[in-house]
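K.L.:
Line by line, the protein sequences are chains A and B.
Here the working numbering runs 16 ahead of the position in the first sequence, where the first position is 1.
Here the working numbering runs 26 ahead of the position in the second sequence, where the first position is 1.
Take the hints with a grain of salt, since some may be wrong.
[What the hints assert, rightly or not] Counterexamples of contact, computed for chain B against chain A with all Cβ distances above 12 Å: (1) 84; (2) 352; (3) 357; (4) 518; (5) 582.
[Stated by the list, open to error] One-sided excerpt, in silico: chain A residues whose CB lies under 8 Å from chain B: (6) 76; (7) 96; (8) 117; (9) 131; (10) 132; (11) 134; (12) 158; (13) 233.
[As the list claims (entries may be wrong)] Residues from chain B that face chain A, not an exhaustive set, calculated with beta carbons under 8 Å: (14) 328; (15) 358; (16) 359; (17) 360; (18) 437; (19) 438; (20) 688; (21) 691; (22) 782.
Hint data in this document are derived by calculation from the structure and do not stem from the laboratory.
No residue lacks a Cβ here, since even glycine has one placed at the ideal position from N, Cα and C.
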Amino acid sequence: MATEAAVARSVSRRYPAAGTPVVALDDVSVVIESGRMTVIAGPSGSGKSTLLGLLACLDRPDSGVVELDGRPIHSASSRDRRRIRRRSIGIVLPLPPDNLLERLDAAGNLAWAGKVRSGARLTAEDVHARLAAVGLGGSGTKRIRQLSGGEQLRLALACAMTGDPPLVVADEPTASLDRSNAATMVDAMRSAADRGATLVVASHDTHILDEADVIVRLDHGRRVS
Amino acid sequence: MCRVGGGARLAIAAAAGVLTVCVSGAPLYVSSVGSESVQLQLSQMCLADAGLYMFLGQAGTLTFGGKPIALVEEQLAAIIAGLDHAQPPVVTTSTAVMVYSPSTDQVTGPTLRFFHREGQYEQLPGDPPTLGEFDALVPEWTVDSFNGRDRDFYVRVPSETLVIDRETGQPARDQATWKTFHVAGTYADITRPEPDYWCGMREFFRLSNLGDRPRPAVFVDAVTMALIPSDRTLEVRPDPHGMTLDDATELLGGFEQLNTRYARELGFGDDGSQIVSNLPTVISRAEGQRDLVARSLAPVELGGILTAAGLLVASGVMLARERRRDLRLRVLRGVGPPALAARLAAGELLPVALGGALGVVVAFAGIRVFGPTPELETGPVRIAVASSLLGVVVAIALVATVAAVATARTVDRRPIRRHRLVPWELIPIGLAIASFVRLDDVGGVRLSGPEARGGDLLAQAFPQLAVLAPLALLARPLNAVLRGSARTGGRLPVPLLLGVRRIAHASGAYTMLTLAIALGVGSYVVSNSLTASAEQMLIDKSETFVGADMTVRTDELGDLPAELAGRATQVATVEGQLDGRRAELLGVDRATFEDVVRWRDDASGSSLAELLDPLSADAPVELPNGSSDELPTMRAVVVGPVGGGSEFSTRRGPAAAIEQVGTARWFPGFSNGTTLVVVDLDVLRATGLEVRSSVWLRDPPTDALAVLEAAGFAPGRFDTAHEVFDVTSYKAVGWAYAPLSVFAIMVGCATLMAQLLVLSAGRRARQATWTLTSRMGMRLRNETAAVLTELGIPLVLGGALGLLFGWLALRVAVPRFDTLRQLEPPARTILDVDSVGVAAGAALATMLALAALSLVAIARTRPMEVMRGGN
């Protein structure tokens, strides 16, 4: 039986705006099971990225509870939440360049991600193995600008999974990719989940939905399935 | 990927520069003020008066300590040679002698002073003959005197005098010491004007306060002097060239040590009585002015530091924006603000250090070139360097912290419910009110008179706060107006409309720019106008107090020499009482009075001519017809407190009935506490009252006294308007207010930098817009008009607001900065038109430069790069 990696219970989030506040999430509950790829789906503005942000310690709910590994994280101090992000959560952002340091090469980015995660440097073999796992075996010395958007996102996934965090979140990871690169990215995520990683992906890409273990559908800030 | 642009780094460097200019410039400026005050005071005084006199004793004898005088003299010379800023000592030898008349075989007067001073021949007026043994030079004025007494004995030049040493007290013939002297020539008066060389010897040459001649000084050569028992005096003068306040203090310490060391040796005790120097006064006054300027500088320095801090914060935010991808990624991955700040600090060390170093160089160069004096003391230089290093550290820490916190706040931001209780505008308004109350209470700085005082921090901050507070109040309405301009101007030509729309689109930024420009212009104009007003105040007060540029007491009224036509007038005064109050009758020559005095229109509702006209002699004085109880009646302009009656009386009793035909708040020659009764000079003379006469002069020539003397006047005591307050007073008001203009320049630099940042931030959007609009028919000249509109509106509006609020601040501040309110006339506000011109010129040049930069950026647009979202 799968354990609960993360849980959101009755979370709500409103954003201030001129006039009436925008309700991004309204009393949403979701359970993220370990070792599975959970996809949060829904149309634009449905609250996918907001829910992902709450699970990844990037934002706090106005009400409700968010737990990671059974511990409440929504009320933790900023310092603790930074530590949780550093140690326990991998993050993949939608735009490829936002995930990587331009001045480092591919291996350097991976090594830096590992250092931030654990404080220790990854060995060359480990770096090579992790690059190979996302199909970038021979690209370790390439500068970021020399990588395609798809390659950059796969490298971002490798960085996010460095140190094997309990939770990896990816926000619209295929939105900026062509069909071929998107498929490769989806395969990489599927493989990671198959190797035991817990992934939460916000997307309305049908390829990803097809590969999902669990699908959570949102609409207008409410869970519909 | 985001490239780190140069905009933020440039702004960081500039902000660090502004900070170090402030923190290093302030101590350097204050030091410069103290040193310049010393130099200025010394340049205006006889250097001998600020030096050291040591009475050594009689030549050829022993000191009280039993050493030969010559040996002590050598020792002193050697020690003095080691003192910095001390000129080589000069020895004066003199002795008093009496004249012996061989015809009467008696010792008679006048007694003479035989005199020799090192280098004297080169310093005598005219072309005196070089003296040989037993030759003598006598004062010109003694020639007649000796002739009158004994034709056989003296004086036809060349002639012979027989003298005897006063020390003997015996008839000359009975003594072997008497000598025959040959009068080789005469020398002219060396006290009008008094040359620097002789200024320390004034008791030998100048008239006494009672007008008595001194004992005639007879010049002889050194060989002759050595034959006569005489006293030797050592004079040491300071060398003001390049002298700092520290140097002056050190020199005074050297004098005191010298005095202490030789006091017992030379028999003068330990009380320092050998120093007859004004140097302690010079130092004390310089210290007072330095400290006062330091206090005046404090609010300006604080304002400058706050400006720099604001620019650093803005730079930090811009840095976070420029490096947002890199920084945000680190924050997302859990890197905390401290680690982020440390990383940023290391990265920004170079621009901060370079900017800071440049700021220190600018401060040093600025003070040395534009400051009161280029001489800087070591201590303040050390403080400036240490402060700058601290400033650089603070700047790095501030920029890095702001950038780190700004980035961290974009992620995992805890919802904050803001409850702003007090609008921020109330802070500067409250401070301005508090500052006004304080200023009204304690007044401004007083830099005239023996003691500089004032300089309260809150009171001195009023000019800045008075400009800042209304601008703060305007911030919201102005922002609303600029934002609202997006809905107006539909009928404007397209380029102008585009410029207006850009302002409306970034109304917040342009509001701040407009206000910053207003603050800079206002501060600059206020600074220069405060200085001009304060200087004019001193001029007005001194001229009113003295009466004209120069007044010379004369023995009696006479005919003024033609050389002084148009710039001299005669007045007569009588002291007495008007209705029991102290009063002074002032008889003026209406034909010449107006040419000589300076008249302020606000002294009276009438012009000077209108005031003086009714005093006309056409209405002759009504002299008593043999009746002792009948008083002459005089028409008069009465200035000052007036009682109910109209009888002027002197110590001898009632003197005249006064018919008041006009009044004024003040009048040339008026001093508070004494009612001035201005009457016609001829009318006053006709009364037969005993008067004291004076000649008043405007722009007097340097030989004014000699000219008057040649015209038959006997000039007595004289006063000049520029000596009522010493010259440092005029300079010091400038020193006190000049930093405000530096603050204005810094605000201007910060504004320019902010404007560059605004343009830089919108560069990509402008290029994208230009890519589209240029293909829709927009020409570069249209874009030029749009840019000029966009930049011109804040500059013109800000400049006008700055000028308006600056003028209002001046109107309120100037009367309250008047610390000599007991002296009429009151201070008046002088708008320094030159500074307005400079501010307008700088604003125009800035606008054109920024427009050029913006247009160059647009002209370099690469359409394909823009279309791909790059560039």
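K.L.:
What hint numbers does the structure not satisfy?
P.N.:
Result: hints 2, 3, 7, 9, 11, 12, 13, 14, 20, 21, 22 break, sorted rising.
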